[in-house]
Structures are given as C-alpha cells and as structure tokens.
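*Asks:* Join these two chains into a complex; the hints should help.
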Amino acid sequence: MIKLRAFSKSFGPRKVLRSLNLDIESGEIVTLIGNNGSGKTTLLRTINTLDSPDNYRTAEINGFDLRSDPEEIRSRVGYLSHNPPFYPELTGVENLRLWLELNSIGDAESTARNFLAQVGLISFSDDLSGNYSRGMIQRLGFAMAISHTPTVLLLDEPFTGLDAKGIEILEELLIKYSKDSCSIILVSHQTPSYSTRTIKLERGEII
Amino acid sequence: MNPIMVLIRKELKVEFRSLQGIVASAMLSFMILMSFKFSMYDNSILEGSGILWSSILLTGLGLITHISTRESERGTFELLKLSSISRYQLFLGRMTGSLFLLWILSTIIMILYIILFENQFGNDLFLAYFVVLVGCIGLSAVGTLAASTATPLHGGWMITSLFAIPTLLFTVIEAAIRCTDSLISGSSDFELAFMLLVLYNTVFVFGGAWLSEISD
Numbered sequence: 001m002i003k004l005r006a007f008s009k010s011f012g013p014r015k016v017l018r019s020l021n022l023d024i025e026s027g028e029i030v031t032l033i034g035n036n037g038s039g040k041t042t043l044l045r046t047i048n049t050l051d052s053p054d055n056y057r058t059a060e061i062n063g064f065d066l067r068s069d070p071e072e073i074r075s076r077v078g079y080l081s082h083n084p085p086f087y088p089e090l091t092g093v094e095n096l097r098l099w100l101e102l103n104s105i106g107d108a109e110s111t112a113r114n115f116l117a118q119v120g121l122i123s124f125s126d127d128l129s130g131n132y133s134r135g136m137i138q139r140l141g142f143a144m145a146i147s148h149t150p151t152v153l154l155l156d157e158p159f160t161g162l163d164a165k166g167i168e169i170l171e172e173l174l175i176k177y178s179k180d181s182c183s184i185i186l187v188s189h190q191t192p193s194y195s196t197r198t199i200k201l202e203r204g205e206i207i
Numbered sequence: 001m002n003p004i005m006v007l008i009r010k011e012l013k014v015e016f017r018s019l020q021g022i023v024a025s026a027m028l029s030f031m032i033l034m035s036f037k038f039s040m041y042d043n044s045i046l047e048g049s050g051i052l053w054s055s056i057l058l059t060g061l062g063l064i065t066h067i068s069t070r071e072s073e074r075g076t077f078e079l080l081k082l083s084s085i086s087r088y089q090l091f092l093g094r095m096t097g098s099l100f101l102l103w104i105l106s107t108i109i110m111i112l113y114i115i116l117f118e119n120q121f122g123n124d125l126f127l128a129y130f131v132v133l134v135g136c137i138g139l140s141a142v143g144t145l146a147a148s149t150a151t152p153l154h155g156g157w158m159i160t161s162l163f164a165i166p167t168l169l170f171t172v173i174e175a176a177i178r179c180t181d182s183l184i185s186g187s188s189d190f191e192l193a194f195m196l197l198v199l200y201n202t203v204f205v206f207g208g209a210w211l212s213e214i215s216d
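Chains as they are written, first to last, in the working numbering: chain A, 1 to 207; chain B, 1 to 216.
Read the hints as simulated data drawn from the structure, not as lab findings. Hints should not be assumed to be uniformly reliable.
Under 7 Å between C-beta atoms, here's a sample of chain A residues computed to sit facing chain B [to be verified]: (1) Leu50; (2) Arg74; (3) Ser75; (4) Tyr87; (5) Glu89; (6) Asn103.
No residue lacks a Cβ here, since even glycine has one placed at the ideal position from N, Cα and C.
The following block holds chain B by itself, in its conformation from the complex (with noise of 0.2 Å):
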C-alpha cells in the first residue's frame, strides 16, 4: 500500500478509537458560534460568512496541533521519522489524514452555522460546502507543516497558531471567504477568487511537501 494511504489509515483509525480531537474541536467550534449568535446585535455582519471562517481557521488549527502535539509527546513522530519513507511522503501522509478529520469538522461546523445563523447561502450551500472542503486544504498544509516544527518546543501549540494563522489569514482564508461571500451576495467575484484559493493551496501543498525534504 502506498505509504500516504498507509498514514492516512492510521490517522482515521487513531482519532475514530479515541475522539479526542474532532470531539473537542467540534465543542469548542459550537461555542464560538454560539459566542458570535450571543454577542451580536449588528444583524450586517451576520451578512458575510466570515464568522463560518473564524470557526473553522481557529478550531481546525486547533485540531491539526492536537495531532501533532499528540505525535510528538508519545514519539510516535519519531516511529514515521525512523522508517524508509520520503519526508515529503511523510508531510502529505500527515497532511492527508488530517485533512480528512478537517473536512468531518468543517461538516459539522457548517451544520451548526446553519443551525444557528440559517441558510444565507441559499441555493448555493452545496458550492459554499465544497468551498469549505477545498479550503480545509491549504489550512491542513499550512497546519501541519507549523504545527510538526512547533509543537517539539516548549508552547509549541502558542508558536503554532502565531505562524498559522497570519500566515492563512491573509491567503487561504481571505480568498475562501471573496468565494463564499459571493456567493451569499451574488457577485461576479466567486470564479476569482476560487482560483486564488486553489492556487494558495497548490502553493502550500508543494511548498510544505519540498519544505519537509530539504529540512532532513
């Protein structure tokens, strides 16, 4: 079996046997959305879908250092780092596997925005869900590739959101929020924007995959 499917197998079935992680994210995003649903009164932001973003940025960051700090306080990093297989084979085994626990928590996220906040998106939610999924992407990429350097140190956890987060605010998370908000007010800018976003994530992919294979 390839040695990226063997990671992402693994990954699923560590998480599936303990929920640690995608239980804890998906509490910790209800919160936040209830927070937002409590806190505002303004009903114009509500217009924009930068509140789904917010609980997907911070909850799914905090997911994906979950698992890299689990890695590495165990040393079962240092099991992956031991065997025969390529670093870059090793980023996007991880990147993968935790790209697909994201896309669990970004379903339930977007469930619970819609509960909360209703359907803005109207007949378009089955293109703002994809837009979600794709955006998990390049948040998976950049996550991992932060939290794998980060979470060794000491705080690693607080290193790796101070990275992640600029570093995806103002690209993955600026473009995929252009393609959603279009969406909901039904501008021209959705086809743009939705390029952007495949592009920061093809650029975070191969960047965090040759990134892992110089740093051996």
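Chain A on its own, in the form it takes in the complex (with noise of 0.2 Å):
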C-alpha cells in the first residue's frame, strides 16, 4: 500500500514532483502515464529511496515512512528501472544471487535460478550477463524486481525491448503478484486492460 500526501520533490529550480496526493492500495495495478519530464520516473525513484523527497505530510509504504524507515521500505520495494543495472563480469545467476544475498534472501544460489526460469531465462543463466540483449536485461531486471517478494512493485517501463513471448510472461506475472495483494505502479506510455486504472502526470501533478 502506498500513501503520499502533499509529496513535493525538485531538482535545483525546478520542481518535478508538485505537491502530490496518491493511495494505492494492495492489489491494484495503477498505470501511470505522462509526457517526458513528466515527473514518472522521478516519482519512482524518490519511492524507493533512490532520491530524497524535498518535503511531504505523508509518505508511507505498507505504513512505513519513507524518511524514518528507508531499510524498511527498500526491503518491501521492488524496482524495475529503465535501463536495468547490472555487473557484465557476472553471469545472470551470479547477478542475481548478489541481489539476494545482500537482501538476506536464504539459499540465494536455487532461489536465483527459480526466479530465472519464471521469467524464461534459465537457459542463460550462466552466461555472462554482459552478453546479454536488451530483452534479456530486461527479463533479468523484472526477475531482480519480484525475487525478494516485495509488496510493492514499481516498473518504469518494463516491456522495453521485449519480444512478444517476454512480453506475456511479464504480464502473467504482473496479473500473479496483483492477486497476491502486490501493489503495482506501470510507468507505460499505454494502459494495458489488466490495470485497475490510470493515472497521469503533467508537469509534476496529477491531473
């Protein structure tokens, strides 16, 4: 669950996120949308503690503030960025397990590879991830994204570079975690017709 109130973030001057006001509750699956600049992607990022909010009334994930209790919440967060970071030296197993491992995940070595092959990517999961495609990353980042069960999941959009049968594994998946009382947040430039509904940004505000 997700509650922000009068949730404000700027960059120098500008100011991208505008006094927002956002409950999401346990399973719902919220699209959300905008121009570039928009403010999408740094809504995601001060969520998950990346970056710091400037000020706000409320900002609480399953009840946990943002600013109080940051192990907390990234514990509870799962992140999907646009471009998915990763060590190209390590194999896709080996990336994960480093994930796992630093989130105190117990037998990190098979829950890796189980996650691997729900997003299809078993067969890879001892090369070198810097061999990776863009498809491929993109798999492994979701696989990242969901692996230390978090109750909330942001996705800045995840089906960049994905191949059609990529595409519905993740959909599967995103429909999977909505059931099991996930919140879930879709930077998309579409709303898909399993999302419980939109929201759009402009200019750091909803509209």
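*Replies:* Pasting the structure below:
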C-alpha cells in the first residue's frame, strides 16, 4: 500500500513533483502515464528511496515512513528501472544471487535459478550478463524486482525491448503478483487491459 | 552470508574477471617508480621511503576511483543502494573490497620497489610490508568515501584526488612514511608512528561509516 500526501521534489529551481496526493491499495495495478519530463521516473525513484523528497505530509509504504524507515521500505519495494543495471562480468544467476544475498534471502542460488526460470532465462543463467540482449536484461531486471518478494512493485517501462513471449511472461507475473496483494505502479505509454486505473502526470501534478 | 562479505566477494570476482583496475594500476606504479629511478641523481632522497608511498598513494587512489567510477557509470551503485542493507554496511563492504585489491596492488608495488631501489629495510622487510598493508586501510577508507561522493559528478576522478590526497597526505601517509623511514634509519620513532597510523585508520574507517549512514 502506498500513501502520499503533499509530496514534493525539486531538482534545483525546477519543481518536478508538485504536492502530489496518491493512494494505491494492495492488489492494485496503477498505470502511470505522462509526457517526457512529467516526473514519472522521479516519482518512482523517490518512492524507492534512491532520491529524497523535499517535503511531504505523509509518505508511507505499508505503513513505513519514507525518511525514518528507508531499509524497511527497500526490503518491501521491487524496482525495475528503465535501463536495469547489472555487472557484465557476472553471470545472470550470479547477479541475481548477489541481489538476494544482499537482501538476506536464504538459499540464494536455488531461489535465483527459480526466478530466472519464471522469466524464461534459465537456459541463459550461466552466461555472462554482459552478453545478454536488451530483452534478456529486461527479464533479468524483472526477476530482480520480484525475487525478494516485495509488497510494492515499481516498474519503469517494463516492456522495453521485450519480444512477444517476454511481454506475455511479464504480464502473467504482474497479474499473479497483483492477486497476491502486491501494489504495482507501471510507467507506460499505453494502459494495459489488466490495469485497475490510470493516473496521468503532467508537470509534476496528477491531473 | 554477511552483506559485507557478499560485497567483498563481488568486488574480487568483478575485478579478477576483467583485470582492468589491477593491471592498469600496476603498470602505472611501475612507470612512476621508473620515472623516479631515471630522474634522480641525488641518492639522499632514496634513503627514505617517500617514493614507495607516493607510488602507493597515486596508483591506489587511481584504482579506487576506477572501481567507483565503474559502479557509477554502469548504474550498479544504485543497484547496491536499493538493497535493504544499511549505508554503513554498504560503505564497509565497498571499502573492504577495494582494500583487498589495494593489498594486491601494494604487494606488486613493494616487489617493484625492492627490485628497482634495492631492499633498504634489511631484516625489517616483512615489518615494512606489514606497515604498507596497514596504511592501505586508511587509503581505502578515505578513497572510497571521496570517490563515492565525487564520481557521480562530472570530473569525479579529479575531485576525488583533490579531496583525498591532502586528507591522506598529512595523516595516513605521513604516519606511514615515518614508520617505514624509522625501519630504514633504525630510529626509535616506529612505535609512536605506528600507533598514529592505526589511530588515523580507525578515525577514517569509523568516520566513513558514520558519514555514509547519516547521508542517507
């Protein structure tokens, strides 16, 4: 569950998020649309604690405050960035295992292989991620986002570079996680049919 | 597994599979030592260990900046920041990962130094090597802190050097040079200088961890 009240963020003199109010319930899939520079990515990055908001009245993820409980929030949020970062010297399974071990998930090796199988990457799990295609990186990024069983998923244009099969896998997983009470924000230029509602962001404001 | 151990293992694996940082830094240290070898006619400078430490300082900072820049450019630093470990664990993990690589680099520099400038430490060679390993702790702490702050900025490697070199020069490096010089000259300064070196290291490691934690 995400609850934001009077949530603001600026970069220098430029106000990117202007006193946003937003509620997303458990199990909702909310599509976030808006033009380039409207603040979509900044909103995701401030919710996942990569960027700090300037001020807010309320900013809670599952009841945890963004400023006072950042570690609790990070353990509950899965994030897929527009360009997922990985170590090209490590294999797919090593990258995912690193992430799981940092998040104190037990039996990281088999858990990593299990999630790679879910996103259709199991046959490439021992290949160096530096040799992965754009679509494979996207699948690996999605596996990372869901592998520590988050209750909130923040996905920044998750279908970029994916083939038809990849899109189908991701959509099935999104619906499954939504049924498991995960709150999902999906940045996209189109609203998918399974989305529960669409929010439009313009110049940092919800309209 | 402890997150600090996870980060150390990751750092070593990434470096040993690419060998970008270690090989380049070792080559640079060889060139620095060779420049001193060819440019010096006055042997009195060689009676101290300043050349050894200037090579460790410059190439060591270069190595740490390279590691940090690589993380920053690939975006993998953000990946680490997204995990649920605390910021002080992230700092200590990155610092210790860099420290292991610095120890490898310093070992290479020490061997090159002895080949090019002869063994001035005599029977205290292993004690001098131990001082080098201890000195690397402070270098790694200050370097990691400076590099992680500066590398997201344009010209980050230059800012790292501008911040880290003066900080280290009048603390860790000065104490370390006093230590190794006392081993060469046989003076009684060693214990005091070594205690000072340990003190500086402790301040920088704990200070770095604290600053990383409060900067979140």
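*Asks:* Determine for every hint whether it applies to the structure shown.
*Replies:* Evaluated hints:
For the restraint placing Leu50/A at the interface with chain B, the shortest Cβ-Cβ distance is roughly 6 Å, inside the 7 Å limit, so the hint holds. Hint on Arg74/A holds. Least Cβ distance to chain B is approximately 4 Å, under the 7 Å limit. For Ser75/A, the interface hint holds, since its Cβ comes within 7 Å of a Cβ in chain B; the closest pair sits about 4 Å apart. Given hint, Tyr87/A at the interface with chain B, holds; its Cβ is 5 Å from that chain's nearest Cβ, closer than 7 Å.
A distance limit of 7 Å between C-beta atoms decides the matter here; for Glu89/A the minimum to chain B is near 4 Å, and the interface restraint holds. Checking Asn103/A against chain B: minimum C-beta separation of about 5 Å stays under 7 Å; hint holds.
Every hint, counting from the list given before, is met by this structure.
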